[in-house]
Amino acid sequence: MRLRLQVNGSQREAEAREHESLLTVLRERLGLWGSKNACEQGECGSCSVLIDGDLVCACLVLAGAAQGRDVRTVEDLAAGEHLHPVQRAFVDAGAVQCGFCTPGFIVATAALLRDNPEPSDAEIREALSGNICRCTGYGKILEAVHRSAAQGYTS
Amino acid sequence: MTLLAGGTDLMVDLNFGRKRPEHVVAIDRVPELAHLERNGHVRMGAGVTYTRMLAEDVGSAALREAARTVGSPQIRNVGTLGGNVATSSPAGDTLPVLAALDAVVVLRSKQGERRVPFAHFMTGPKKNVRRADELVIGAEWDDAGPAQTFMKAGTRNAMVIAIAGLALVVDRSRKRVGVGLGSCGPTILRASQAEGFAAAIFEAHGWDRHLTPSEAELKEFGRLVATAARPIDDVRGTAAYRRHVLAVMGERALSRVWSMT
Amino acid sequence: MTIAPPKTRLRGVVGESAPRADAPPKVKGEFVYGSDLSREGMLYGATLRSPHPHARIARIDVAAARAMPGVRAVLTSDDLPTREKFGLMRADQPVLATRVVRYVGEPVAIVAADDPEQARLAARAINVEYEPLSAVTDPVAALQSAAPKLHDPKDGNVIEDVRVVHGDPDARADVVVEGEYEVAMQDQAALGPEAGLAVPGPDGSVTLHIATQWLHEDLRQIAPCLGLPEEKVRLVLAGVGGAFGAREDVTLQIHVCLLALATKRAVRMTYGREESFYGHVHRHPARMWYRHGATRDGRLVFVRATIVLDGGAYASSTFAVVANAACFGGGPYRVPNALIHAVGAYTNNPPTGAMRGFGAVQSCFGYEAQMDKLAAALVIDPVELRARNALENGDRIVTDQQVEGSAPVAEVIRRCAALPLPPQRSSNDPLELPGGAGNLTHGEGVKRGVGFAVGLKNVCYSHAFDDFSTARVRVERDQGGVVARVHTAASEVGQGIVLVCEQIARTELGVQRVIVETPDTTIGSAGSSSASRQTWMTGGAVLAACREVKAELVTRARGRRLDDVDVAELLDTPVERVVTHRHRPTEKRNDTTQNDGHVAFLFAAHRAVVDVDVDTGLVKVVQIATAQDVGKAINPLAVIGQLEGGIAQGLGLAVMEEVQLKDGAVRNASFTDYLLPTMLDMPPVVCDLIEFPHPDAPYGAKGVGEPPTISSTPAIVAAIRAATGRALERVPVRPDDIVFGASSHSGWRVAAGDDPRGAERVR
Numbered sequence: 001m002r003l004r005l006q007v008n009g010s011q012r013e014a015e016a017r018e019h020e021s022l023l024t025v026l027r028e029r030l031g032l033w034g035s036k037n038a039c040e041q042g043e044c045g046s047c048s049v050l051i052d053g054d055l056v057c058a059c060l061v062l063a064g065a066a067q068g069r070d071v072r073t074v075e076d077l078a079a080g081e082h083l084h085p086v087q088r089a090f091v092d093a094g095a096v097q098c099g100f101c102t103p104g105f106i107v108a109t110a111a112l113l114r115d116n117p118e119p120s121d122a123e124i125r126e127a128l129s130g131n132i133c134r135c136t137g138y139g140k141i142l143e144a145v146h147r148s149a150a151q152g153y154t155s
Numbered sequence: 001m002t003l004l005a006g007g008t009d010l011m012v013d014l015n016f017g018r019k020r021p022e023h024v025v026a027i028d029r030v031p032e033l034a035h036l037e038r039n040g041h042v043r044m045g046a047g048v049t050y051t052r053m054l055a056e057d058v059g060s061a062a063l064r065e066a067a068r069t070v071g072s073p074q075i076r077n078v079g080t081l082g083g084n085v086a087t088s089s090p091a092g093d094t095l096p097v098l099a100a101l102d103a104v105v106v107l108r109s110k111q112g113e114r115r116v117p118f119a120h121f122m123t124g125p126k127k128n129v130r131r132a133d134e135l136v137i138g139a140e141w142d143d144a145g146p147a148q149t150f151m152k153a154g155t156r157n158a159m160v161i162a163i164a165g166l167a168l169v170v171d172r173s174r175k176r177v178g179v180g181l182g183s184c185g186p187t188i189l190r191a192s193q194a195e196g197f198a199a200a201i202f203e204a205h206g207w208d209r210h211l212t213p214s215e216a217e218l219k220e221f222g223r224l225v226a227t228a229a230r231p232i233d234d235v236r237g238t239a240a241y242r243r244h245v246l247a248v249m250g251e252r253a254l255s256r257v258w259s260m261t
Numbered sequence: 001m002t003i004a005p006p007k008t009r010l011r012g013v014v015g016e017s018a019p020r021a022d023a024p025p026k027v028k029g030e031f032v033y034g035s036d037l038s039r040e041g042m043l044y045g046a047t048l049r050s051p052h053p054h055a056r057i058a059r060i061d062v063a064a065a066r067a068m069p070g071v072r073a074v075l076t077s078d079d080l081p082t083r084e085k086f087g088l089m090r091a092d093q094p095v096l097a098t099r100v101v102r103y104v105g106e107p108v109a110i111v112a113a114d115d116p117e118q119a120r121l122a123a124r125a126i127n128v129e130y131e132p133l134s135a136v137t138d139p140v141a142a143l144q145s146a147a148p149k150l151h152d153p154k155d156g157n158v159i160e161d162v163r164v165v166h167g168d169p170d171a172r173a174d175v176v177v178e179g180e181y182e183v184a185m186q187d188q189a190a191l192g193p194e195a196g197l198a199v200p201g202p203d204g205s206v207t208l209h210i211a212t213q214w215l216h217e218d219l220r221q222i223a224p225c226l227g228l229p230e231e232k233v234r235l236v237l238a239g240v241g242g243a244f245g246a247r248e249d250v251t252l253q254i255h256v257c258l259l260a261l262a263t264k265r266a267v268r269m270t271y272g273r274e275e276s277f278y279g280h281v282h283r284h285p286a287r288m289w290y291r292h293g294a295t296r297d298g299r300l301v302f303v304r305a306t307i308v309l310d311g312g313a314y315a316s317s318t319f320a321v322v323a324n325a326a327c328f329g330g331g332p333y334r335v336p337n338a339l340i341h342a343v344g345a346y347t348n349n350p351p352t353g354a355m356r357g358f359g360a361v362q363s364c365f366g367y368e369a370q371m372d373k374l375a376a377a378l379v380i381d382p383v384e385l386r387a388r389n390a391l392e393n394g395d396r397i398v399t400d401q402q403v404e405g406s407a408p409v410a411e412v413i414r415r416c417a418a419l420p421l422p423p424q425r426s427s428n429d430p431l432e433l434p435g436g437a438g439n440l441t442h443g444e445g446v447k448r449g450v451g452f453a454v455g456l457k458n459v460c461y462s463h464a465f466d467d468f469s470t471a472r473v474r475v476e477r478d479q480g481g482v483v484a485r486v487h488t489a490a491s492e493v494g495q496g497i498v499l500v501c502e503q504i505a506r507t508e509l510g511v512q513r514v515i516v517e518t519p520d521t522t523i524g525s526a527g528s529s530s531a532s533r534q535t536w537m538t539g540g541a542v543l544a545a546c547r548e549v550k551a552e553l554v555t556r557a558r559g560r561r562l563d564d565v566d567v568a569e570l571l572d573t574p575v576e577r578v579v580t581h582r583h584r585p586t587e588k589r590n591d592t593t594q595n596d597g598h599v600a601f602l603f604a605a606h607r608a609v610v611d612v613d614v615d616t617g618l619v620k621v622v623q624i625a626t627a628q629d630v631g632k633a634i635n636p637l638a639v640i641g642q643l644e645g646g647i648a649q650g651l652g653l654a655v656m657e658e659v660q661l662k663d664g665a666v667r668n669a670s671f672t673d674y675l676l677p678t679m680l681d682m683p684p685v686v687c688d689l690i691e692f693p694h695p696d697a698p699y700g701a702k703g704v705g706e707p708p709t710i711s712s713t714p715a716i717v718a719a720i721r722a723a724t725g726r727a728l729e730r731v732p733v734r735p736d737d738i739v740f741g742a743s744s745h746s747g748w749r750v751a752a753g754d755d756p757r758g759a760e761r762v763r
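Just so you know, the protein sequences line up as chains A, B and C, in that order.
Going by our numbering, the first residue of the first sequence is number 1, and it counts up by one from there.
Going by our numbering, the first residue of the second sequence is number 1, and it counts up by one from there.
Going by our numbering, the first residue of the third sequence is number 1, and it counts up by one from there.
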């Protein structure tokens, strides 16, 4: 089936099979490899994207059901070499190791800070509990979220 | 024809290659399914997400507590009441609440609307009385007041499928007690003996009063909750643990709601 | 002669917490992992796996699969170019099952098709007739004489058998404690799935882009199975989404190359999460019996242990895991007398192999539980008992090897114990209590416990393995000025070896701009990113190469000090050196495992504070404190990241992570049912990095990756014991173990005594 999506601000068209997820279409058809495929069942958050502003796992969105929607992926955040403040904070805080979970965390953190610019530790932990990281033990990720909050994430 | 609401159940089957439905109809953007009315009686559309249950007054504190335990923020943003009801997993987190509330499932087809008490809706694991031509359009229940709670046991602090779940509703104005149990039988179970036991205590002491339950009463209530379970051993937990933890949850739930008026 | 420009202070030298060069592409989603690889017109591979733990293959019919649309190749063992087998330490595994399958999930056939769905459906359409054979899925049962033999019958299912005999094992002690312990199967659960892209060359060669821990070892195993000389197979490291041991073995490497060679097309294979659970090796489950003896004043007299490890259907690295379990089975203590007997057995379970901590994790759970038992029997504080027996420089571990250079065990213990404890619980928010979001307790039933544990492990390869790493360092002048390029084959798996190489080169050469190039097999081997060894080995190789480059620059400076010269001037031609670095030789293991088998040792201590809801058996870990002997922190931030990440994996093993098997099949091959710690499960970590430089290591830096995973698990379990009073002899601790306190042993158990074959059947 032919899909029309608004991805990162541009109209995109792609072919999708009936059973395919938005994640598959973003990665394999549109070349947006930033959203990662780690569990395929919404248990790890590595494929987090925004759909009409809501944080979702792209692996749990049927591609066909995303027709006509506004999709924002991790690729939407940096402006060329200029990192988004959340991305900068993850780099500086040492929150990146293998980095496979990182794009999902970046998108989820940006969504969190949009809704709650100064989250407490507890609020961060709850908001990011759907994103699994196997490398860092989360300590530096928590720090990165605080850092980006302190810098005003929209800067 | 396969219906897709939030997609959190169906997509897993598609991604793992377990299902290849010929047609999928996405109903996640049907505004009529996202209604929510409260007026002593709650009518919740099938399309209401868990996130909305947390953000808005949905006429059930227990439902709100249940919604908080569902998956992750990502899941709660898309998963819906209707999806939970239609999938009918014994581990569906909102289902013990619907059972305890004596909720009614509203189904609609071209032939019209059909209202099925939740107690008669589920017939087995992922099985229910919905016909292929019907759509779950929502659920309804009487606003039961503040004396209600939900809890679930799982070996992780978030994003975990329940080993066992329990909802307790004490509707002081209608003088009824509802106890719904999840993940401990082929369907959501009601602990009717426990309900009767608690109702008798309220009856004896007055439905509208704060009371401090005795240890013995709490223990007996918990025991009766556990006897209602029909648990099995599975990958998430043992039958023995399920019975044990249901008794603990029963005790704790009753001691929590006792003072809520 | 021009005057050298004023030197600006270098940023990102050894000892600084420099940011990672690979972090910006990773945060932008631009970093290319194995599963992100693609080529125009590539095919997709799929694997058909055995549903049986042990069966004879009577017949395979691929006709239907071959006839399906889009299918370009279907290969079974009949189509293989050679009969070569593969394996990390013993080539015992067929590329595709030949006549017999030995575990659920063993690859039987592979398919390439135009799209992944066609490949998957074609694999499913292959008709295999199996004749089930009797299976053995318990490692102790596998050692019994009546058990079916899975490989060479004369080995009796024994993959490896290691005895450590030290001093007089029959020595007598005032106080003796005994226990049986069990460690379940843990999954590495790297988030990046197994993935590779094979591109055939016009000359019959193949280039494999692969996420792996060791390019050259993959090459050594792959080439013969393809029937090609090594020169015809080139490996390039793809981005690695975590490894933790799971990428030390060959998984899809040979399959994807075979498909590319058969179709003359580029082929990508990527495992889904379910397949990943079957596709890679897991941590060895262990059954252990321990007996410790001590004097009345708390000096260890002897340790006896029998350890049986489940090697699964193929050997993988079982040899080294068994050796580690035995060699480090006495713990970081002075133990004058010991008899430790460890055996790894073939079973019809999925193969087990490397995972962070590698043998040392299993025995540490046993001996640290024993140390607490001993402390209780002696009425000595458990931390004090450990300090009293702590190894010092010059002491010998149970393999009779002297610990040299850096053994601050008492210091590690003392400084860990001195770290601040968390405040008393003040909140009744369920999210901060056991059960978390489940709203199970608002404080009811919650008890706090504190536990302590210490562990040790070797760094680098042991027992006479030729351990080396090769580095090429080139300094040249380009439009941007002076640049140093560092090329090695060391796999960056997330741990930060790119930082180590970069910071060492910058420090040694005084050049700000350092580029660490993509690892491949055009340079010599770096060995694997495992055994906590890359800082020591590849860091050492880079250091040595830099010093040779620098010597050449000094020559070119003709008597002037390099600080006074513009280095760019010396680079009319680049300076390049390739150096292979080896650590001092180690000895081959002898019969009693009494010699210098290891190059050096790593030590860490952990203190855990937990809240346990004793009525529901759920646990919330409140804080982990750790002190670790790191030698020297090349990048303190990255070191702390290793400590915290390793602790999270130790926490997982303590309270939630288990690959559950039934008749050899994985019952929970998904992230829904194989639970990993979330941000709500992982507590704050307070840490103290102890820097006693090791004289043989670059800048004194020892490896850091594994110790956090070794003693964190027993510390957490000790804390749960303290809170509950339960014996808890098995990890992960299940709610049942806490609320019922029943014996957690099931199936076969290792009998008390020194014979791993001595066993009894429970229930």
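Bear in mind the hints are in silico, worked out from the structure with no lab data behind them.
Treat each hint with caution, since some may be false.
Unchecked claim - Below, a sample of chain A positions facing chain C; criterion: calculated Cβ distance under 7 Å: (1) G9; (2) Q11; (3) R12; (4) C39; (5) Q87; (6) G99; (7) N116; (8) C135; (9) G139.
Every residue gets a Cβ at the ideal spot worked out from N, C-alpha and C, and that includes glycine.
Each hint tested on the structure:
1. G9: violated (16 Å)
2. Q11: violated (21 Å)
3. R12: violated (16 Å)
4. C39: A:C39 check passes; min Cβ-Cβ to chain C is 4 Å, inside 7 Å.
5. Q87: holds (4 Å)
6. G99: Holds: closest Cβ of chain C sits about 3 Å from A:G99, inside 7 Å.
7. N116: Since the shortest Cβ distance to chain C is 15 Å, the answer is violated.
8. C135: holds (5 Å)
9. G139: holds (4 Å)
Hints 1, 2, 3, 7 from the list above are not met by this structure, while the remaining hints are.
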